[in-house]
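My request is simple: use the sequences and hints to build the entire structure.
Residue 81 in the working numbering sits at position 81 of the sequence shown, and the numbers go up by one each step.
Source of the hints: derived by calculation from the structure; they are not laboratory data.
Treat each hint with caution, since some may be false.
As the list claims (entries may be wrong) - In silico lysine-lysine, DSSO-like type, Cα no more than 30 angstroms apart, as pairs: (1) K47 - K64; (2) K47 - K18; (3) K64 - K53; (4) K201 - K186; (5) K124 - K139; (6) K199 - K186; (7) K196 - K186.
Claimed, not checked - Distance ranges between label pairs, derived from CB positions: (8) D63 - E111: 33 to 43 angstroms; (9) Q109 - N129: 55 to 65 angstroms; (10) R117 - T168: 52 to 62 angstroms; (11) R140 - K194: 36 to 46 angstroms; (12) R114 - V50: 24 to 34 angstroms.
Even glycine gets a Cβ: it sits at the ideal position worked out from N, Cα and C.
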Amino acid sequence: MAEMKNCKYQDGFCEIKKNEIITWDVNREQKCQYISIAILDGMYSNKLWVNNKNQIALNFQSDKTIQDCNSSLMISDEGFAVRRINRAAAQYSPRQIPVSIPSHSQRQQLEEDRRKREQEEQRKQQEDNRRREQEDSRKREEQCPCPSLFIFSSFFYPRFFKRNKYNTIQRRDQEDARRRDQERQKQNEADFEKTKQEKLKFSLCLYVIPVSLFSAYFL
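Okay, here's the thing in structure tokens:
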């Protein structure tokens with residue numbers, strides 16, 4: 001077995017010799033939930049940590065922290081526990097992911113690409129507007145059978161619309177008069193039928209009374 005006195009539990013780095021094996025014993029006193037397996041340098045920005053070799057990326061959107069064995073551990077969304085180690089200022093890794101500044105030719109290419117995208121979007125918008133106008137025009141033609149004749153007549157012959165309006169009013173008046181005549185005729189027929197029924201009833205009374213008197217006298 002290797003010498004364990006120089007191996008710290010917190011960082012997990014132990015100096016071992018050839019043909020030696022390192023084993024960790026369970027810390028039954030502190031009952032730690034996590035053990036340290038390695039120290040990795042990396043960059044942390046916008047709650048995302050990426051190590052320098054681009055091998056591991058951890059997301060810390062949940063901002064979850066726990067206390068384990070007197071250490072404050074950050075728990076990533078993937079379930080890994082991480083402890084930040086303070087170093088000297090000269091040894092700090094950059095906190096922001098560096099962004100390369102494009103060259104003049106790259107800026108020109110980016111500007112050209114942006115201009116092409118804007119032109120393409122403008123062309124698509126014009127096509128959409130043209131297609132929408134054609135659809136609206138088609139719907140209007142379906143509602144009005146002769147739009148060209150309607151526009152021509154409305155522009156050059158306004159009298160036609162006045163006459164049409166007058167004819168509409170006259171037709172409505174004629175329909176009202178016809179309806180009143182029909183109602184008057186129905187009322188006259190009802191009155192005539194009522195009068196006829198009254199006359200018939202009166203004649204029956206006259207017929208029954210003499211017969212009754214004659215019968216009484218005969219007895």
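ask   = Which earlier hints turn out false for this structure, listed by number in ascending order?
value = 2, 9 and 11
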